[in-house]
Every structure is written in C-alpha cells, then in structure tokens.
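Engineer: Protein chains in written order, with this note's numbering: chain D, 1 to 133; chain F, 134 to 308.
Hints were generated in silico from the structure; no laboratory data involved. Source: prediction; values computed, not measured. Here a beta-carbon is modelled for each residue, glycine too, at the ideal position from N, C-alpha and C. Treat each hint with caution, since some may be false.
Covered stretches of chain D (in silico footprint by chain F; criterion: 3 or more residues with CB under 8 Å from a CB of chain F, positions within the stretch not fixed) [as the list claims (entries may be wrong)]:
{"hint": "1", "segment": "24-31"}
{"hint": "2", "segment": "38-51"}
{"hint": "3", "segment": "54-64"}
{"hint": "4", "segment": "97-109"}
EDC-like, lysine to aspartate or glutamate: derived pairs with alpha carbons at most 16 Å apart [stated by the list, open to error]:
{"hint": "5", "chain 1": "D", "residue 1": "Lys33", "chain 2": "F", "residue 2": "Glu230"}
{"hint": "6", "chain 1": "D", "residue 1": "Lys19", "chain 2": "F", "residue 2": "Glu230"}
{"hint": "7", "chain 1": "D", "residue 1": "Lys33", "chain 2": "F", "residue 2": "Glu264"}
Label-pair ranges, simulated between beta-carbon atoms [claimed, not checked]:
{"hint": "8", "chain 1": "F", "residue 1": "Glu264", "chain 2": "D", "residue 2": "Glu87", "range": "21 to 29 Å"}
{"hint": "9", "chain 1": "F", "residue 1": "Lys183", "chain 2": "D", "residue 2": "Met59", "range": "43 to 51 Å"}
{"hint": "10", "chain 1": "D", "residue 1": "Asn3", "chain 2": "F", "residue 2": "Glu224", "range": "20 to 28 Å"}
{"hint": "11", "chain 1": "D", "residue 1": "Lys27", "chain 2": "F", "residue 2": "Ser175", "range": "16 to 24 Å"}
{"hint": "12", "chain 1": "F", "residue 1": "Ser274", "chain 2": "D", "residue 2": "Pro57", "range": "23 to 31 Å"}
{"hint": "13", "chain 1": "F", "residue 1": "Val213", "chain 2": "D", "residue 2": "Leu117", "range": "48 to 56 Å"}
{"hint": "14", "chain 1": "F", "residue 1": "Ser175", "chain 2": "D", "residue 2": "Leu117", "range": "44 to 52 Å"}
{"hint": "15", "chain 1": "F", "residue 1": "Leu171", "chain 2": "D", "residue 2": "Leu102", "range": "23 to 31 Å"}
{"hint": "16", "chain 1": "F", "residue 1": "Lys165", "chain 2": "D", "residue 2": "Glu107", "range": "40 to 48 Å"}
{"hint": "17", "chain 1": "D", "residue 1": "Lys46", "chain 2": "F", "residue 2": "Ser193", "range": "17 to 25 Å"}
{"hint": "18", "chain 1": "D", "residue 1": "Leu45", "chain 2": "F", "residue 2": "Pro176", "range": "48 to 56 Å"}
{"hint": "19", "chain 1": "F", "residue 1": "Asp223", "chain 2": "D", "residue 2": "Lys46", "range": "25 to 33 Å"}
{"hint": "20", "chain 1": "D", "residue 1": "Glu87", "chain 2": "F", "residue 2": "Glu224", "range": "33 to 41 Å"}
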Amino acid sequence: MLNVLVVDDSLIIRKNISKYINNLGHKVVGESKTGALAVEDCKKLKPDLITMDITMPDMDGITAVKKVREFDKDVDIIMVTSHGQEEMVVSSLKAGAKGYILKPVNEEKLAKAIASLNGQEGSDSEEDELLED
Amino acid sequence: MQENDNKIYENEIIMPVMKRAVSFLDDEMGIKVVSKNLEVVSPKKIELKKNTAMIGTGGSIQVLATMGYDDSLLDELVSVFLEGEEPDEDELDEIRESVSCEVINTIVGNALVNPVDDTALSITPPILIYEAKSLFKHKNSRISTVTIKTEFGDMLLTIVGPKQLFANELNFKEL
C-alpha cells in the first residue's frame, strides 16, 4: 500500500484521483492545491507517491518536482496533466518525475502508471525513449 | 491583423481545439454532439454564456480561449465527472466551477500544438468569468467562435487575441 499525496488545483480532479487511489488499495495522506503547498506537504507527510498536475497557480508542477527532488530523491512522482506536448513530457521527466498521465484521468490509467513504477505489466517505455532522444 | 495571422487563428488554433472538444464530449464524456456542420465565425460582437471559463496561452502564440456552457450541459458534465456520486450540497457550486475549468483545461491542453515553431506552448490555470460579458472586436483584435451543439445544450468556444490587448476578465486594455 502506498501513501499518496494528490496535487491539483482542481477540486474535481483531487476528488476523483483520491477515489481512484483508495479503490486501488492505497491511502491518500494529503491533497495540495498548488505546487508550493505540495512541496511543503511533501516535507511534512513524506508520501511514497505524488500525483502532480503541471498547470497550477503560485508554482507549476514541473518547478514543484524540482523542489521536491532537492530534499527527496526517492518519492515516486507521476505527472497528471492535460499537456500532451512532447516538450512538457520531457521537461517533467528530466525534472525527476517517473511517469506521465494525460488527462482526462481515469482509474485504469492511474493503475497502469503506478504499475509501471515497479516495471510491472502495463509499464510504458515511451518515457524512456523520450529521455534517450 | 494580417491574413497569415487569421489563418493561424482558425486553422491552427480554433480548429484543433474544436475537434478535440467534439471528441472529448462524444468519446470521453458520452455526450452526443448533434451539430453536423461546425462553422467558425468571426463576429464583431459576441455574448459569452453565464458559465464561462477562460484560459490563456503563452509562448510564441498568445491568445485567450473561452469555453461557455449552457446550464443543462454543465449539469451533465458535472454528473459525468462525479461518476454517479451525489455531491455534498455545500460543495456543489465549487464542483460546478471546478468542472467548468477542468473541461477547458483538458481540451485546450490536449489540442495545443505550436503552429509557429517547435517550442512548447504553455497554458495558464483556468479562471471563471463571473459576469456574463459581451466581447467587441476592436481594431487590432481577433475573435473567432464556434458553437458546439450537444444533446444537453450548447458549448460556446471562442478564441480571442492577441492576449496582450486584454486584461483579466477579458476587459479590453487601452494601450
């Protein structure tokens, strides 16, 4: 079971991702509305996994990932975003994210992304190919 | 605005967003789009709907996109997002606002590809326009709009630019 921090400025997305996380047998330990709050919450809550939006007020998700990586090299971070542009995916992965889900998000996409963190079935090597380019 | 800019607005910005809006509604929300011929028009004035969210783009293309929903359509979108669950009454307004913003964020974010160069286009966090507003075309601005009719009501998609001509809440700035 993973302890998960859900980060998104959208209430409906936080609610839905939290529901999916619970359905998948994991525990939501916190929800953050901005990138800046996510960094602080990560320090306090020490989650195993963060789901991170990109477009947020105050601090965007890619900047938040970089800041989290300054003090936590181990937490898994999956970006959950509407941005489909390759440059955004590459920037996220270079910042230290380990997965990427394109919105609209559903439980199946989240399950596959979590499985891919451990190299399990359903893992996607597309992120690795992008990083090699 | 030059003819090339007009083509960029219609072909490279509004058309991809419109196509993504249709596929989002039909395929992912299960909301049938009933309008067969979607026409992009460039009026001198447009009335925005009461439920309208706005997003801006940044980078080499800077425009504002708005998406407005009939009440009945927004009710159905909320229902789909909630996946059959009943919301708390005290949260319902916030959830409606959240869904309004999330729909435009998803559609525009998914659709956006830079037609000018290979650099990424950023999008701003979406905001709501609280007062139903009329937009007027000024000399150097461009408004392109399309109405997407669904079985639950209409979605009004508008691209307004350049972004620099407008302040928050789409008020035209005197430069």
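Engineer: Please go over all the hints and tell whether each is borne out by the structure.
Structural biologist: Against the structure, the hints:
1. Judged by the Cβ-Cβ criterion of 8 Å, the segment 24-31 of chain D is not covered by chain F as claimed, because only 0 of its residues qualify and three are needed.
2. Only residues whose beta carbon comes within less than 8 Å of a beta carbon in chain F count, and the segment 38-51 of chain D has 0; fewer than three means the coverage is violated.
3. With 3 residues having a beta carbon nearer than 8 Å to a beta carbon of chain F, the segment 54-64 of chain D meets the requirement of three or more and the stated coverage holds.
4. Check result for the segment 97-109 of chain D against chain F: holds, 3 residues qualifying (beta carbon to beta carbon below 8 Å, three or more required).
5. Proximity of Lys33 of chain D to Glu230 of chain F is assessed by CA-CA distance (about 15 Å); at most 16 Å being required, the pair is judged to hold.
6. Between Lys19 of chain D and Glu230 of chain F the CA atoms are separated by roughly 20 Å; this puts the pair beyond 16 Å, and the hint is violated.
7. A threshold of 16 Å between alpha carbons decides the hint, and for Lys33 of chain D with Glu264 of chain F the separation of about 25 Å lies outside it, so the pair is violated.
8. Taken as a hint, the range 21 to 29 Å is violated for the pair Glu264 of chain F and Glu87 of chain D, whose Cβ atoms sit roughly 36 Å apart.
9. Roughly 31 Å separates the CB atoms of Lys183 of chain F and Met59 of chain D, a value that falls outside the hinted 43 to 51 Å.
10. Remark: the range hint 20 to 28 Å for Asn3 of chain D to Glu224 of chain F is upheld by a beta-carbon distance near 25 Å.
11. With their beta carbons about 52 Å apart, Lys27 of chain D and Ser175 of chain F fall outside the hinted range of 16 to 24 Å.
12. The hinted window of 23 to 31 Å between Ser274 of chain F and Pro57 of chain D holds, with their beta carbons roughly 26 Å apart.
13. The given range of 48 to 56 Å is broken by Val213 of chain F and Leu117 of chain D, whose C-beta atoms sit roughly 29 Å from each other.
14. A C-beta distance of roughly 47 Å is found between Ser175 of chain F and Leu117 of chain D, which places it inside the suggested range of 44 to 52 Å.
15. Separation of Leu171 of chain F from Leu102 of chain D is about 24 Å and conforms to the stated range, judged on CB atoms against 23 to 31 Å.
16. Between Lys165 of chain F and Glu107 of chain D the CB atoms are about 24 Å apart, so this pair departs from the stated range of 40 to 48 Å.
17. Distance hint check for Lys46 of chain D and Ser193 of chain F: the Cβ-Cβ separation is about 40 Å, which falls outside the suggested range of 17 to 25 Å.
18. Hint check: Leu45 of chain D to Pro176 of chain F, Cβ distance near 50 Å, so the stated range 48 to 56 Å holds.
19. Roughly 32 Å separates the CB atoms of Asp223 of chain F and Lys46 of chain D, a value that falls within the hinted 25 to 33 Å.
20. Restraint check, Glu87 of chain D to Glu224 of chain F: a C-beta distance of roughly 36 Å satisfies the suggested window 33 to 41 Å.
Hint violations for this structure: numbers 1, 2, 6, 7, 8, 9, 11, 13, 16, 17, all remaining hints satisfied.
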